[in-house]
Structure formats: C-alpha cells, structure tokens
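In the order they appear, the protein sequences are chains B and E. For what it's worth, the working numbering labels the leading residue of the first sequence as 1, then goes sequentially. For what it's worth, the working numbering labels the leading residue of the second sequence as 1, then goes sequentially.
Just so you know, these hints were derived from the structure itself, not from any lab. Just so you know, even glycine gets a beta-carbon here, dropped at the ideal spot from N, CA and C. Keep in mind that the hints are not guaranteed to be accurate.
[To be verified] Pair by pair, the computed Cβ-Cβ distance ranges are:
1) E:Lys-252 x B:Asp-401: 54 to 60 Å
2) E:Ala-129 x B:Gly-82: 43 to 49 Å
3) B:Gly-325 x E:Val-18: 33 to 39 Å
[Claimed, not checked] A few chain B residues facing chain E, derived, Cβ under 8 Å:
4) Gly-82
5) Val-90
6) Leu-340
7) Glu-443
[What the hints assert, rightly or not] Residues on chain E that point at chain B, a partial pick, calculated with CB under 8 Å:
8) Tyr-15
9) Lys-16
10) Val-18
11) Met-25
12) Val-27
13) Ala-78
14) Thr-82
Each chain, letter by letter, is given below.
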Amino acid sequence: MIDLPVVASMSVTPVSSEAVDRDRPSGPLHRDVHLVQSELAAQLFVVEGSQIYDIDHELAARIELLTSSRSDAVAGLLDEFGVIRESREVHQPLESMPLRSLSLAVAQKCNLGCTYCYAEQGDFGGSPKSMPAETALAAVDRLFDGIKPGERVHLAFLGGEPLLNRPVIRSATIAAERRAVELGVQAGFAITTNGTLLEPHDADFFEEHGFAVTVSIDGPRDVHDQLRPFKKGTGSFDQIMLRLQPLLHQQRRMQVSARVTVTPRNLELTTTLSDLLSAGFHSVGFSPLLSSPSGRDELEAATLDDMLAQMIACGAEFEAAIVDGRRHAFLNMVNAMQELHVGSLRPYPCGAGAGYFGVSADGGLFACHRFVDDDAAALGDVAGGIDQPAQTRWLRERHVDFQSPCRDCWARYLCGGGCHHEVLSRSRNACGYIRGWLHYCLEAYARLRKDRPDYFSAS
Amino acid sequence: MASIHPQNLSAQISYKAVGNPPSTMPVSAISNCNPGLEFDFRAVWKSLIEGVELHEAGLTNDGHIVLDVDPDGMAHAAGVRTFDLLISVDGNKVVAEGDSPGSALEFSNALADVFDKLGSTLPCVFQSANDGSRIEVSLLINHVLDNAFVSEALAEPGQLTQGLCSPWHADYRECGCYYWAASRPDFINAVPVPGTDAVQGQSWMQRDLQSNNRPDSRPYPNFPIPDPDANPPQDEPPHFTYQEMYLQWEQKLQFIRQGKVADPQ
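Chain B with its partners taken away, still in its complex shape (with noise of 0.2 Å):
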C-alpha cells in the first residue's frame, strides 16, 4: 500500500540466527555479501547498495571461501573487482520526514469477524467507533500542510471495515482531490476492504478518483469462508464476489487488488492465485500471518517452509508467464523482481512514521493504519501535527542497522527489519522465510534477465 519493501506485503519479520538457515540455500550469513549459485551460473548480491552482480565460478569459490573468514577480506577483494560501495546515507537515521501519506481508520468496527485480525474484529480492543467528518477533514488540511506543487500526497481508507463510514470516504476523497488541483499536487487514494457492503456506485466514486482497492480475500469459497466470517458466522465469499463484480468490470483508473493473509489453514497459493487472477484482480499478493492478537492460525517454523514452497511454485507461473510473454500479475513477485532490478535500500521496511502514518477515528497520529490507538508508536495529531521529538526517537529506534539481529544479516535492506508491528508484538519469527523468499527472487532474477531482459528495459 504504501512503500512497500521488496517482501511487499508479506510484512514479514526476519531473525537472523544462523540455525534457521544452516542447511538453506539462503544461508550462510555474511553481512555483506550472499552467494547464489547453481551448476551454470552464480550470483553475488552485495549488500552495501543491493548491487547484483554474474560471476564465474571461479569468483564465487574465491568469495565462499573468504565469507568463511573475516569480512574485511571479502571487502578487499570486492575492491580488486572494482565493486564500489558508497550507500552512507542509508546508514544515517532520518531526523523526520514530511508527513505526505496518511490512512484513516474512518470506522473503527467492523461486520467480519476474522480470528486472527490485528484490529480484534475491528475495534481495535476498544469500544466500536466512526471518524467524524471534520477529523478526516482536518487529516486532509494535515497531509497539504506545507507541501509544494508537483509533490505527491496519498490518502488511504482502512479500518475496521471502512466502507461502514462511506459518507466520510467521500467527503474526505473530493475534499483532498480540490485541494490537489488548488495547490498542483498530484493525490493517490486507496481503500482496503472486505467488500462485503460495496454498493454500484461505490465502483463509479473508486474509478472516477482512480482508487487503489485492496479486498481481503483467503482463499477458494471453502477456506475463505472459515477464516472470514460474518460475525454472525455465516461465510462472506458469495458475498463479496457478487458485490465486487462491478468493481472488477469498471477498471481502468482503478486497480482491484487481492490480498490474501496466510496462515496455516490456506496454503494452497497456486490453487488460489489461479483463482483471484481469473476472477478478474488486476493483481494478487500473499502476507504471512506471523502475529495474531489470539495468536490463533499463525505461522510457526514448520508452515513457513510450507508456505515458502508455494510461493515459489507461485513464483515459477509468474517465471513461465514472463517468458511467453504475457502478463502475470503475481505481487510479490512484480514488486520483487523491480526491487531487485533497481536495487532498493531500505534501512526501514515501509514507511511507517516517516512519511507514513494511521489516523484514528479520534484524530491521533499512529505510526501506521495498525498501531492505531496504540501508546507504543502515538507519534502526534491531526490537529498540533507529529510530535517531532517522539518521531525522531522512533526513526533511530527502528532503523535496521540498529536491530538485532538484522545487522549481521545479508538481507537486511531489502527486509528492512520487518514489519514493525509485528516485530513488536511477536518479535522476529520468519527470517528464515524472508531470505528463502528473497534467495529464490535472485535466482528468478537472474533466469529473466538472462530469457526476457525486455521485460526490465520495459519496468
């Protein structure tokens, strides 16, 4: 949704304790270099500005046998090769950032009652609750504050189940699209929702303001509908795709997206990416659920190898497709292989507080739409603005480099350290996943730059 990492979406935490990876591809550990290799071609990623490089064999045996030893002898040898390595600033905490994206939890309740929601069945642990009109409204005056033309701002509606609040959706929507024009600012908008209450019109109001719409969808009928109840118990799958239709028919401006949650009761992805791509998505991503508030259908050691598997059989389609020549609208793989290709830095796994920020239905400012009411990461308010001081305080805590075990791990700045959210409440349980994810994405990139370098010329 917003700045998203090379993991995109997965928000996926990573722990870089060398068992996870021992008898791995995606180890061993070396904080500046990863080898990927296969019997006729290696790979050398360099950490320090996510640098990927062919080498012969030759070079690689050299490499291996230094990552064994100490790493100033690996740099040494990155110098003879003439691979240079300046990426200081990515080292260097942000002080602050102007706060340029904002998402509104406009209702903070939702109809669905999902065991495993981060928002507690949408409350967020508190009593139900709807944004009044002039917080949004004020969130809106907020995002312009100080903004110059040809900027960009970003305007997003979560919740809860947002759509149970629609008239401050609009109301905020059109306030920020005069603005924009005003001003010469270029706006984004973007909803996510269950899509159990879209209306008609809801798809004529989401292509006229060009929204990104996100549906929460698990799976086939049968899986979907025992992950995402009504509360009342009775399945939503029929439902939502019935009232999506519109949506997925009227798409130009607008992109209709499938976000799937994992866990361990879904793990069919090829079956299910098949299926949300036919059903019409412009797109379909998968995020592990590595953190639950009841800590039911998390991801443990064992369903993470299996979810891995998938994702690389998920990843193969997206490979062949791409070949042939046709489009494949796989997410994590899409944002990977563009990551990748343009090597991404991310000393912070998204953008939360930094540009980034959740706004509850009482006005406050949170580090993102899932800390919301959430005293740990309260970084200001619509009406004062963030709290520069506490903003500060939580770009040097979490940047990467200084997160352990991150430091020493290959992969850090393209994870960035892992969803904040979850590395909070759950710490880091899926390192291993992450960096099987991401070795696999190099060898996927390497294959296509090799068959399709088209398709990288094109991106």
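With chain B's structure known, arrange chain E on it following the hints.
Below, chain E without anything else, positioned relative to chain B:
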C-alpha cells in the same frame, strides 16, 4: 581470470570496470562534460540519430555538419550525404545561436528538445551540401542509456575519451575563466584603485601586461584563429592561443607569486 558482470541498475552505477579512470564513476567524477576534462560527451551526440553521424564540433549557425551516412539507412535512402547540414529535428532548429562561435556546450543545448523524445522517430530536415535543397526524412532518435550504462550503440569503449589527446594543455587554457577547480590564479597583478572599491589587473594569459581589465579578458574563444600567412598580417590575438600552449608553454607561462608575475631571477 575470474569474471564479474554487473546486472541490476545499482550494480551498473557502482561498478568500475578494469582500466576505467575514477572520472567514469558518479561518486568520483567532477561530472563536467566540457570537452577535454573527463570525457567528451559529444561523442555520444554524434550518433544520436540513426543512420547519420554528426561532427562532434560541427555545429554552425547554418546547421550541423553530417560526417557520415549509413548507406543502408533511411537517411541515405532519402538523399542525405556527407557534409550536408542537419537543420532541425521535430521542428526545432539544431543550430548555433546568433553569433555564437559554436562553443562546445552549444551542441548539447541545441539538442535539448530532442532529449525528451529519445526512442521516437522524428522528422529531421537537412540541407544538401551539393545543391542547397531541403531534405526531410523521419529518423529514429536513439536511446542514450542502456539501463544505467551509456549505450554501446552510441559510444564504444574508448570513444568518450578518444578526443582527449592533449588534456593538460587544453584544459589549462580552457579553464581560464575563474573555474574553481583550476590550480592557478586567474586574475594577476591585481591592485586596488585608490579612492574606489575597484581593483585593476590582468588575465593570467593576457599577452599585453600593460593594459588593465581588458573587456576581452575572458580567455576564450580562440579567435581570431592565428594564420601566419595572412596578408596583411593579423593583429596579435589578446591571449595565448591553444597552439602556443601546446608548443611554447614553457616560454609563455610565467611564475605567479603572491598574485603577481614573479621576477624570473
């Protein structure tokens, strides 16, 4: 010999190929494209238009000199030949402005509009050197970059630096206009003018050290081009010429000490 090849964009930007000087890296370059300093980027502009090679210093008030034409290309088929002049691209003139002598940076400025349209096929107008007739043909404008590299289709290895045949002499004179990186004084023999805020003095490369604050103290252009056979003889140019810098620098240049021409003794 072990081998390594950068793949993604950050590796392409960060990789220093064996034999390349520091000036080829963004982190260690002055990034001054003026010909002679680090590389001559005009070598890339030469091949910007498919099937036509432009002269790297052939921009005139009338058009841009065509140095070569691909016999199998669209331009040749349309009748464009060596020494024709390229007049405009997509309706915008690519000529030197007014009385500009066609200084090195003029080439880039003249093509500014074209750089927004890389990869497009655009109408190009030429003037025949043979009979002055107008030739219009749509030609592909090549991409300058291939990912993060300068496209090899436009400049092969070595081509960006092949024009740097006499670097220090040329640079020393070229950067005679108060350029921050030049390691010599610009304004010499400077003394305050009593009763005013002014200072008088001379350009370091001025021949006539009797005249102060000459209006032509900006040391280039290199005009008039010295012609020893001119009849009547030319006036002496106000500054040392490039030719003098190449051939007689030890006689022409003097030691400057504390801002003043020093006594050779």
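To see whether the hints hold, each was checked on the structure:
Hint check: Lys-252 of chain E to Asp-401 of chain B, Cβ distance near 56 Å, so the stated range 54 to 60 Å holds. A hinted range of 43 to 49 Å holds for the C-beta pair Ala-129 of chain E and Gly-82 of chain B, which are about 45 Å apart. The given range of 33 to 39 Å is respected by Gly-325 of chain B and Val-18 of chain E, whose C-beta atoms sit roughly 36 Å from each other. Checking Gly-82 of chain B against chain E: minimum C-beta separation of about 4 Å stays under 8 Å; hint holds.
A distance limit of 8 Å between C-beta atoms decides the matter here; for Val-90 of chain B the minimum to chain E is near 11 Å, and the interface restraint is violated. For Leu-340 of chain B, the shortest C-beta to C-beta distance to chain E is roughly 6 Å, which falls under 8 Å, so the interface hint holds. Given hint, Glu-443 of chain B at the interface with chain E, is violated; its Cβ is 12 Å from that chain's nearest Cβ, farther than 8 Å. Taking 8 Å as the C-beta cut-off, the interface hint given for Tyr-15 of chain E holds, the closest approach to chain B being about 6 Å.
Hint on Lys-16 of chain E holds. Least Cβ distance to chain B is approximately 4 Å, under the 8 Å limit. About 6 Å separates the beta-carbon of Val-18 of chain E from the nearest beta-carbon of chain B, less than 8 Å, and the hint is met. Given hint, Met-25 of chain E at the interface with chain B, holds; its Cβ is 6 Å from that chain's nearest Cβ, closer than 8 Å. For Val-27 of chain E, the interface hint holds, the least distance from its beta-carbon to any beta-carbon of chain B being 5 Å, beneath 8 Å.
Checking Ala-78 of chain E against chain B: minimum C-beta separation of about 29 Å lies over 8 Å; hint violated. The interface hint given for Thr-82 of chain E is violated, since its Cβ lies 33 Å from the closest Cβ of chain B, which is over the 8 Å cut-off.
Hint compliance for this structure: hints 5, 7, 13 and 14 are not met, and every other hint is.
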